[in-house]
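Protein chains: 2
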Amino acid sequence: MGQKPITFLRQVTALCLCPELLDEPSIPQDAKGRARRLLAACAGQSAGAYSASPGIELVRQDVARFLQRRDGVPAKPQDIFLSTGASDAIVSILKLLVSGEGGSRTGVLIPIPQYPLYSAAIAELSAVQLNYYLDEEHCWALDVAELRRALAEGRQHCCPRVLCIINPGNPTGQVQSRQCIEDVIKFAFEEKLFLMADEVYQDNIYAEGSAFHSFKKVLFEMGPPYSEVVELASFHSVSKGFMGECGFRSGYVEVVNMDPDVQQQLAKLVSVRLCPPVPGQILLDTVVDPPQPGDPSYELFIAEKKAVLSALAHKARLTQEIFNQVPGIRCNPVQGAMYSFPRIELPPRALDAAKAQGQAPDMFFCMKLLEETGICVVPGSGFGQREGTFHFRMTILPPTEKLQVLLEKLSSFYTKFVKEYS
Amino acid sequence: MGQKPITFLRQVTALCLCPELLDEPSIPQDAKGRARRLLAACAGQSAGAYSASPGIELVRQDVARFLQRRDGVPAKPQDIFLSTGASDAIVSILKLLVSGEGGSRTGVLIPIPQYPLYSAAIAELSAVQLNYYLDEEHCWALDVAELRRALAEGRQHCCPRVLCIINPGNPTGQVQSRQCIEDVIKFAFEEKLFLMADEVYQDNIYAEGSAFHSFKKVLFEMGPPYSEVVELASFHSVSKGFMGECGFRSGYVEVVNMDPDVQQQLAKLVSVRLCPPVPGQILLDTVVDPPQPGDPSYELFIAEKKAVLSALAHKARLTQEIFNQVPGIRCNPVQGAMYSFPRIELPPRALDAAKAQGQAPDMFFCMKLLEETGICVVPGSGFGQREGTFHFRMTILPPTEKLQVLLEKLSSFYTKFVKEYS
Chain B
1 MGQKPITFLR
11 QVTALCLCPE
21 LLDEPSIPQD
31 AKGRARRLLA
41 ACAGQSAGAY
51 SASPGIELVR
61 QDVARFLQRR
71 DGVPAKPQDI
81 FLSTGASDAI
91 VSILKLLVSG
101 EGGSRTGVLI
111 PIPQYPLYSA
121 AIAELSAVQL
131 NYYLDEEHCW
141 ALDVAELRRA
151 LAEGRQHCCP
161 RVLCIINPGN
171 PTGQVQSRQC
181 IEDVIKFAFE
191 EKLFLMADEV
201 YQDNIYAEGS
211 AFHSFKKVLF
221 EMGPPYSEVV
231 ELASFHSVSK
241 GFMGECGFRS
251 GYVEVVNMDP
261 DVQQQLAKLV
271 SVRLCPPVPG
281 QILLDTVVDP
291 PQPGDPSYEL
301 FIAEKKAVLS
311 ALAHKARLTQ
321 EIFNQVPGIR
331 CNPVQGAMYS
341 FPRIELPPRA
351 LDAAKAQGQA
361 PDMFFCMKLL
371 EETGICVVPG
381 SGFGQREGTF
391 HFRMTILPPT
401 EKLQVLLEKL
411 SSFYTKFVKE
421 YS
Chain Y
1 MGQKPITFLR
11 QVTALCLCPE
21 LLDEPSIPQD
31 AKGRARRLLA
41 ACAGQSAGAY
51 SASPGIELVR
61 QDVARFLQRR
71 DGVPAKPQDI
81 FLSTGASDAI
91 VSILKLLVSG
101 EGGSRTGVLI
111 PIPQYPLYSA
121 AIAELSAVQL
131 NYYLDEEHCW
141 ALDVAELRRA
151 LAEGRQHCCP
161 RVLCIINPGN
171 PTGQVQSRQC
181 IEDVIKFAFE
191 EKLFLMADEV
201 YQDNIYAEGS
211 AFHSFKKVLF
221 EMGPPYSEVV
231 ELASFHSVSK
241 GFMGECGFRS
251 GYVEVVNMDP
261 DVQQQLAKLV
271 SVRLCPPVPG
281 QILLDTVVDP
291 PQPGDPSYEL
301 FIAEKKAVLS
311 ALAHKARLTQ
321 EIFNQVPGIR
331 CNPVQGAMYS
341 FPRIELPPRA
351 LDAAKAQGQA
361 PDMFFCMKLL
371 EETGICVVPG
381 SGFGQREGTF
391 HFRMTILPPT
401 EKLQVLLEKL
411 SSFYTKFVKE
421 YS
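So the protein sequences, as listed, match chains B and Y.
Letter 63 of the first sequence, counting from 1, is numbered 63 in the UniProt record's numbering, and no numbers are missing.
Letter 226 of the second sequence, counting from 1, is numbered 226 in the UniProt record's numbering, and no numbers are missing.
Quick caveat, the hints were computed from the structure, so don't treat them as lab data.
Careful: at least some of the hints might be erroneous.
The list makes no distinction among identical chains, and a pair is therefore deemed to hold if it is satisfied within one copy or across any two copies.
[To be verified] Simulated crosslink set (DSSO-like; lysine-lysine; CA at most 30 Å straight-line): (1) LYS268 / LYS95; (2) LYS217 / LYS95; (3) LYS409 / LYS419; (4) LYS368 / LYS268.
Here chain B stands alone, though its shape is the one from the complex (with noise of 0.2 Å):
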């Protein structure tokens, strides 16, 4: 995603990947150590063959102590099965909670805007997308009113059953509160509906004030009967957080309260693609058991998990400063997750003008931006928004002075485009 490796992680991993580098004096006793321990837990004691299904034991155990630290609550290496990133693992959700043929289609509620696999998933498997739409005036806060109408209205022709989330948001960039995660819960709760919890931006938090709180925490805070009825799945990935090593394509779902037998199923249907890739899961278990104070890769590691994310949180705030500046644009705070979500007004001509091309408009404007400045963001329509509203999605990734020339190029030309088109 743009930012530097973290070194322990790409260590231990290159490692696993050629053990003889295993003598070579530069690299720090304890990635060697902990390489020498993965690749024990290997089938053949070979990063090149086959894992279980689920993934490798070792590391669901390893991401099971991980969960059972950040929530203070037990976590089992069964009820976890790591995937080919975090995708995988939500489309494999889906595809289980999805009933098939016969009867009334299943309905699963979203938000929008959405990141756009859920609709893509969700239309591959012929299941009926419902959405709620976040609270843009309220820095796009979930609103269990508008589940509420969102589930009714689904209620009318097809079979709601799941409610997925994506907190911090993708695109949108807000960080729930914890009594909305707890009015969630109690929401799926009286509704009967699973609850699908991409969690995949939990280390991505900016905002002061803001903090993350996992829905299975919340879950067992609230405790009987919340704790012991309402089933979850919550998504992690290696692809975002303080590593961004999305290349590697790893990361894992953790379930909980699932029907045991539905359970088997999701063991059955993760099997048939053999398993995720074992390079990716030793460098999860990098990430889910990183080094500790006295360890010889402590500091250098700290020092550049920090590095990143404290850039990140400079960059959030720059980049809705910048944007606020200008007439036209508004931009919630990036409280969290990688992206702006800027609001834009676009006047009545760009509309007719992107008409008679047969674009959205936000589309239009994207690709005269693209043409103009070769600064590509993605337009809002791609993610779903209120109807008459038009936005575009901007990652913060770029090293901050590129950022910074960014964020003032697509202001000015903004402004040119507006005043163009009046």
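For chain B, the structure is supplied; the task is to place chain Y on it using the hints.
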């Protein structure tokens, strides 16, 4: 897959993950040069970044050159889609070809016995599985008359559109003759079927007189109209061959004569999953573009490759020889791939005992074998077989000495089992 990794492949991949090792003197210069070349082709020069959805452009070019060398006919990078192992590509192509809702369902012809990925994917997609039986009496040959029978039967209740071929065969180990491939292509042409050629075992040919002929090469040698009309997708993988790097989950599909609109949909379809794992793409590159004579890594590379392939050839013969000494077991020559699929006679009392336990007879045999000897083989019923015949699949991958012991133990267990149930 239980074989020793090929040094060059792992060195290049490890260097790409951990470029600080480019200074390491123990690694040969050509591996370093290759790693630099590949890193330069990665987004942000990092193996941790997403690649383009169909794969790193440079790797697709190298695959195209590999195919051109192999077949002597042009291959274009834009027709090559890298994937998360061949399984992923096979499922993508099936998804693309199996039409959606409404109308009559799509029929997919698959061999029996087959690798169960096909039956699972067909079921998942609500397509119709149409079985054509391989001819065990003729070394699991593919008979076009049998294809014709299966097609005619399928036409009575669905719309057959796809013909899947596995060559060399899994689980059956046969290698198709050039004549047979030509006959299949003519058949596909006449019946307007899309050909899916699973050629992942193309480097695993052991029997004297057997040779691998790619469907694409034969198709182009046949010339027009075939070469201009017959639609083909051919699959390959780093999981088999001399490298056996299945943990990396890396493969590709080349499409030939695909309708351009359909191919555009394929590009869209694969983009939903973002990209195949980058470490696997890098490793794939080293497989399709291995060290050349004069390169520092060449001698070792060739020695390692030969050692693996000649050991496999030896074990293929050994398996067939030992099994065929046992009355009641009949094993076709393992001409290629990585498995034997011997037929076993089971006495009537064994069939009764299996029935009493609600198990398929060969499953009953395999479970007893596992319980008494610890040897795990897969019952033929998992792959499909002619009614009333029984088989199991056993890999030839264990080291020779181990395999010999396994074969002898299994043979004497079978003899004891038959005695016990006679």
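Status of each hint after checking the structure:
1. For the identical chains of this complex, LYS268 and LYS95 are neighbours both inside a copy (12 Å) and across copies (20 Å), given an alpha-carbon limit of 30 Å.
2. Only within a single protomer do LYS217 and LYS95 lie at most 30 Å apart by alpha-carbon distance; the minimum there is 26 Å, versus 38 Å between protomers.
3. In this assembly of identical chains, LYS409 and LYS419 lie within 30 Å of each other by CA distance solely inside one copy; the values are 15 Å within and 84 Å between copies.
4. When the C-alpha separation of LYS368 and LYS268 is checked against a cutoff of 30 Å, the pair qualifies only between copies, where the shortest distance is 23 Å, while the shortest distance within a copy is 48 Å.
In terms of the numbered hints stated before, the structure departs from none.
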